[in-house]
Every structure is written in C-alpha cells, then in structure tokens.
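First to last, the protein sequences are chains A and B.
Going by our numbering, the letters in the first sequence line up with residues 1 to 160, in that order.
Going by our numbering, the letters in the second sequence line up with residues 1 to 797, in that order.
Some hints here could point you the wrong way.
Calculated Cβ distances over 10 Å to all of chain B for the following chain A residues [as the list claims (entries may be wrong)]:
#1 Thr31
#2 Gly34
#3 Gly49
#4 Glu71
#5 Met87
#6 Pro113
#7 Thr132
#8 Glu147
With the C-beta cut set under 10 Å, the calculated list includes, among others, these residues of chain A facing chain B [stated by the list, open to error]:
#9 Leu16
#10 Thr69
#11 Leu92
#12 Gly95
#13 Thr98
#14 Pro99
#15 Thr116
#16 Ile120
#17 Ser125
#18 Cys129
FYI, nobody ran anything at the bench for these hints, they're computed from the structure.
Where a beta carbon is used, it is the ideal one built from N, C-alpha and C, also for glycine.
Now for the letters of each chain:
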Amino acid sequence: MTVNDAEVTREIEGRLLLVHFLRDHLGLTGTHWGCDTSNCGTCVVWMDGEPVKSCTVLAAMAGGHEVRTVEGLEQDGQLDPVQQGFMQCHGLQCGFCTPGMLMTARALLDRNPNPTEQEIREAISGQICRCTGYATIVRSVQWAAAEEAGTRTTIPAEGA
Amino acid sequence: MTAVADGPVTAFEDNDLKPVGFGRMLRKEDPRLIRGRGRFVDDVQLNGMLHLAILRAPMAHARIVSIDTSAASAHPKVKLVVTGAMLAEQGMAWMPTLSNDVQAVLATDKVRFQGQEVAFVVAEDRYSARDALELIDVEYEMLAPVIDARTALDPSAPVIRDDLEGKTDNHCFDWQTGDAAATEAVFASADVVVSQDIVYPRVHPAPMETCGAVADYDAVEGKLTLWSTSQAPHAHRTLYAIVAGLPEHKIRVISPDIGGGFGNKVPIYPGYVHAIVGSLLTGKPVKWMEDRSENLTSTGFARDYIMRGEIAATKDGKILAIRTHVLADHGAFNGTATPVKFPAGFFGVFTGSYDIKAAFAKMTAVYTNKAPGGVAYACSFRITEAVYLVERIVDCLAQELAMDPVELRIKNFIRPEQFPYTSKTGWTYDSGNYERTLREALRIAGYDELRKEQVERRARGELMGIGVACFTEAVGAGPRKDMDILGLGMADGCELRIHPTGKAVVRLSVQSQGQGHETTFAQIVAEEIGIPPADIEVVHGDTDQTPFGLGTYGSRSTPVSGAAAALVARKVRDKARLIASGMLEVSVADLEWVKGSFHVKGDPTKSVTIADIAFRAYGAGDLPEGLEGGLEAQICYNPENLTYPNGAYICVVDVDPGTAQVTVRRFIAVDDCGTRINPMIIEGQVHGGLTDGVGMALMEIIAFDEMGNCLGGSLMDYLIPTALEVPDWETGFTVTPSPHHPIGAKGIGESATVGSPPAIVNAVIDALKPYGVRHADMPLTPSRVWDAMQGHPTPPI
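When you get a sec, could you build the whole thing from the sequences and use the hints?
Rendered as structure tokens:
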C-alpha cells in the first residue's frame, strides 16, 4: 500500500487491523484507537480518499490502496486549512479525537466546499468528542471552508 | 459570546502581538496535536517492549476454585502469566484505594464484580497477549450477587467483602451533615413541604483515550519509569512508593498527553500495578492499554446515588429548609477518590445557591457487586449530585406553589451583600452575584418571549419545555488542614525560573488532560512578570521535572496551581525589584512596575526590563548586598478556602408527543468563574460540560441486569452524545472575582457538567406539564419519557 504517498511493504498477520499496523508497525501514532466497536472514530484515516475507520479495516485489505493519515495532511510544510481552523477556533482540547475529526472534515470540504452547519454535524456524527461539545469543531470546519473560498472576513467572537 | 463585565474583544490575529496577560490566546499545545504529533501513553514505543493483557471475571460474584495457566504459559510468545495467588506470595494481591479501603490487584479468593482482574499475561505483542487469555482456565463457584443497593443491607444479602475481618454485612459507611433537630423543627411548622425521590444513575466518564501505562524498570539503576494515564502523577508516585516499597526517588511517573480524564484517571487501577509487576519480573518495558469495554466495566464510574429530597417553604415561596437522605452505591470496593474527611465528597453543598434556615443530610453507603469508583466524570466531588438534587426539588416546589421557577429562585438567592456566606452545612461561599448572573441568562434566552411561545405551542398540542438551573460549585481543594488524599495535603507546588536572556520556564504540579495548561499558565505568569506567553515554557506531568502537588481534578488547577503560579511570579518579581534598584541606583520605594519593566518614579526613561534584570541576576555585575544570584523562585500554595464558581443555565427542549423523543433546541449557559484568564478556553470547558449534561440527562447510564452483567459495556450500549444530539451552545458570563485567590479566578472545568443536567431535566418536566408529570429520572430516553407521559415514570435502577 502507499501511506501518505510513500510505498510500504510489510509481512503481516492476516488479522492485523489497519489502525494497529499504522501505529505499531509504521509508527504513525497520530491515528488513535478509542473503542472496540467502530463507534468513536478516533481511528479515521482515508483509503483511496474515502474516510474509513481503520479499526474496522484489516491491514491486508488496504494492500494496493492509498492510505492517508493525519500525518499526511500537512503538505510542503503548509498546514491544511482544517488544521488551521481547529487551532483558530479551539476545535480541540485533549486532541485525542482530533486526527479523526480532521480527516473527516477535510474529506467533507473536498466534496462540499461550503457545507451548512447541519451538514458538518452529520459528517462528524460517526465520531465522538468528549471535550469540545462539537460547536467549536463546527466553527473550525466553517473557518476552513471560508479560508479556502477566500471569504473569511470575520473573526470568531470573544471566546469563540 | 456576550459579556456583562469584561474588557474589549480581542481578535485572534492580534495574539502574537499581545505582549502579556489575559485574554483570548491560541493554545500552545495545538500545533503538535493537529499534526498527529501528540504523545499519548499508547504512543510510547520502547525497545524490547512487551504487551500486557488482563483476564477479567465474566460474572459479578463467584468464588475462585482453581486457575490453570499452564496452556497460556506454554504459548510461544508469552513471557509471563501472573495470578492473584502469585501476587499474594509477595504480599501484593491487595492495594489501598484512595478512600482507605482495599482493592484486589488480582482476585485471590472471590471475584466481586463483572470485569474484575483475575490474571494477567505479558507477551511479545498485544494480539498474542489477548490470545493467551483464552488459554487460561478458571473454575468458578457462582455466588448470588448483590445488585440493587436497596437490598444490600437485607439480613439475607450475601456478604461481598468477607475479605474484611469480621465483616458481616454490606455496609460501607454512614455520613451526615447539618442539624437534624433544627431542620425537623422547621419542617414541622412549614406551610408547604414537598418530597421527591430522585435517582442519579451510575454513569461513566469514558474519556476518548482509555486508561493505560508503560512501565520500564531499569534493574541497573534500580529506577522505575512509568508513563501512565494519570491526573495526579505526584500522588500516584508516593502511593507506589508506599505500596510497592520502591524508594520514591527511584520512581518517575510521567503523564504525557492525556486523552481526556474527567476524573476517570484519578485512581490507581490494578492495570498500572500489573504493568509495574510485569516490568519488574521480565526486566523489559511492559505496556498495558485497556480496551473500551474494560474502561466502561472496570474503571471509575460516577454517581449512583438514590436520593430522597425534601424541601420546606412558606406558601409565598420563601424556602426554609432542605433535607435529604441518600443511599450511595459504592460498588465492590470503596474506590472513591475524595479528600479522606469527606467520604461523600462535597455533597454538603446541597443547599445550593439559596439562603435558608436549616438543612440536614444523611447518607448510607453500601457495597454491591459492581465496579468500584464513585467520584468521577467532572463532578467536583459529588457536587453534581447535590446540585441536581436541590435544583430538581426547587422546581418541584415551584410546581407545587404554581410559581415561576425563576421567580422562586430569585426570591431565595443568597444576596451579594451576604458574602462571604456560611451555609447551614458549614461551607463558606466566597463570592457571587446570583441574581445578576441569572438575569443575564434570562436576557440572552429571551425568557419572557420563550414563555409566550410555550403557551402558543401548548395550545397547538406541542410539547415545549423551558428548564432553569442555578448552581454553586465548591472547587479548588484544599486547604491542606481539611483536605488530603491518603494523608497527602491538598496543596500545590510551583517553580519559576527566568533564564539569563529573559525567557522563562514554569514547572507545575498539576497536569493537563486537555484543559490547556500550557497556555493558561503561561498567561498567568505573563500577566504577573511581563514576559510574553510565547516566551514561557510550561512543564508539567513529569514527577522528575516538577514540584510536588496533588494533581488535576475537582476543577482545582486554576484555583490552586493557578494561584501558585501567580504567587511564584510575584516572588520572582520581588527579587527582580531588588536587583533593579541596584541597577538603577535608586531605593526600592522609588521604583514603579509597569508590566515587563521597572522604572524610576517620575522618570520613565530610566528603566530596566525583566530581561535586563535576569541577565544581571546571572551576570558578572554586582548585585545588591545580601542578594543571591539567579532569578527563580518556588512556592507551595495552600489555598485558604475553596472557590465557589456559579452559573445560571436555561434549556429549551421539544418533546415529540408521538415518539417521546427529546430534542435540546437551545441551551443558554451563563457562568461566573471570577477573573477570566483565557475566554476561549473557558468557553471550551463549558461547551464540553454541557455536552456531558446532555449525555447524562438523556442518554448515558451504566445499568446492570439482575445477575450483575453490565449493560453499558461498549459504546454501542453506552450512548454518548454526537454532534447531532447537541445544539449550538449559547454562552455568556458575569465576573465576580474570588476575594481570596491572588488573581480572583475560580475553577470552571466542571461547572457545566454540574449545572446542565438539572436544567435539561427541568425543561423536559416542564414540557410534560400537560401530562401532570412532576419528576422522571435520568436518562430521559424516549421509552422513559413515554412511560412518564403514560403516568408511570419508573426509576432507572
């Protein structure tokens, strides 16, 4: 498979989950493992550009596919606008769910550059954040959308 | 966000230019976290590291007849299999809990809750360790479990804790506060008495990162390094030293980035001890990382109080007294993490924000065959339960008197001029202006218009509810004379060093699980010493790098360590002033401090900056006589009192008459946490707590079947709010500084978790007014709301 544009070839056990392959074998620990039931979404990565829960994908199934993780969001030393948005709008606290949220947010904006609040909430509804209460994550994605559209004129309100 | 009293709005673009102090500032921890470069416990990879997995009891109560580990030991990748019997030989099968009870590190005689630790395996990789668990053969003799706390003290109930000498029942402790006789006298002569049974069911903090540890024992140095998901690394280190007999200076506890805590990561869990034992016995680093089911079924739960609340009032709505009787379910071991003199935590603040004549609470705590824990999930040591009780019972009274719940609350608030106010249960509230805070919430909500809208909707058969809750918290434990954890006084150290070039490092005893300490504490020091926050490194979460302190829980970081940081900076500033007087050749009295520099009174051109002073402090030039070189200080701050943040919350819900589904349409939260250091971070703390509140009020419960099987053991069963279940929060604030805190700040981390559940439940009950419902217990799932609408609301446990 390719991971963040790099060719990767490994001998692995058939049952190895993609999340553990990325973390334990490749040392890409930005992708997290938060539940056993595909509910929390801290493990979201892309496979061929589609967000997937890497705890529910066997590493072997990713063979021949293109995988992208949070470590691959930053391009040529430039943060992705969703990464900037999360910093600007306090879209993270402990940061554990953040990599998964970022991958989903980036995928959303690639398909829908100007999502409504409800569309953002639906896009991240397969993921759990225990810290932020989601409003600031929504604002973070809106910030990134406006940044990319060149329409970002307002600044977040006090505390926002 | 709206303000009643605060400074001008600061744009984020200005952050880097802002030289010092308080205000919105982007977080220093974010650049690594948004790149996936945080370092959480499970990210720690060491050479030769082994992996540990724990075999857990499948049933709630059973005697262990035999354990056969031979097949597991024969697994080619297994390095070690340990049972309770093996630990018992070393005298390590039991460990103290934070409440002076004992808890099994591995079960020896019996298992006492489903999910209890029975054996552990250390293997070459995490999958093999799990495989080997399947090869351990345990023979159990089933025992009848005690699941319903109400039956725990029946004479016929099986005795759970027969490990305790002479124990013949399931009684855990009794506790009471207030004046029973005076309260009874008030109740006897009151116009109106309202009584209501209220259950706060068992819930779980479920941080996104589960608990885990990496233990690395270096036999040559004799030193143990433990990376662990700990909210209190120093307290943990001392307890490891006491329990394991390791010298304290040879233990280093590191809490790296922590993926949320909410109280779940305060206790010492058997798994941490297993990892230590595993490393001691194998000589290799050993990692233990629990899975989600292990987290939900075996680690610190919260609440589980069965309460009866009673309130006495005059017929025109003056509250006279509040009384409560609580049955507390503590599970199989009393693992409550709470100051030892407060077995019921700070439940004693159950009189809330009201000025009343008398109060009394009585509590009986029992053991059951459920997981231990008790104080967790952002509760400020049981204030969550206390606030829920009082805010629910006050609403019941409002309904009884046919009074608006806002009017009733305003009529009974402690008035601003009554502070400091000592409650009838002995708590001295530091400051507050409750009516101002509530009126701000009413303004943001448009309360009168909401009530009009409600009338119109009701006429159309729609179920709209408006709930109000006003809370007072008590956070920032100690003082040390009253509060300790297993004898360790609740005070916090802090160290500040200004480097020769004027940059600084501040070392904290508290530790962050997402609260943004690296930012906030840099701002506190910046405000006091006049160095930009960007030039201040904040070190925390490593016992070898930081001064002793009791850790982060109960919203104590800002009240205790925040005060320590401000005071240590003032100590450094005092020394800087002496050096400056020498440099400027004037007396100390002739110097004026303007953030970042001292200048001669009346001649601002003669000045020296902190950087100038720092270079002199370490430099070759003369210092005033008697002054040591260097520019640093340390402090151990012992708070004189708790701080009492407060707030007024208004919730608007819609209930579908056909499905009984509750939708939180709006939520207005106005908080008063005194001086505001970073409004962005404060708002984030509030948002998170409000979401917890929606979870507890509408979705979350750790329930058990009659055999003690946990029914909330995965995130498919234990429902946590997603972005679709919560509204866009509306927040506001008032500022009433704490008079005894050096910068006037109070804690904020748990306010919203404490204050939001009653606001939501009050709103649902208000929506159900056409059905004549006075109370229904959380979680208000559609089926439970439906039952209430049909006239038979039932407790969840």
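Comparing the hints with the structure gives:
| no. | hint | result |
| --- | --- | --- |
| 1 | Thr31 | violated (7 Å) |
| 2 | Gly34 | violated (5 Å) |
| 3 | Gly49 | holds (18 Å) |
| 4 | Glu71 | violated (5 Å) |
| 5 | Met87 | violated (5 Å) |
| 6 | Pro113 | holds (20 Å) |
| 7 | Thr132 | violated (6 Å) |
| 8 | Glu147 | holds (13 Å) |
| 9 | Leu16 | holds (7 Å) |
| 10 | Thr69 | holds (7 Å) |
| 11 | Leu92 | holds (6 Å) |
| 12 | Gly95 | holds (3 Å) |
| 13 | Thr98 | holds (6 Å) |
| 14 | Pro99 | holds (5 Å) |
| 15 | Thr116 | violated (12 Å) |
| 16 | Ile120 | holds (8 Å) |
| 17 | Ser125 | holds (5 Å) |
| 18 | Cys129 | holds (7 Å) |
Hints 1, 2, 4, 5, 7, 15 from the list above are not met by this structure, while the remaining hints are.
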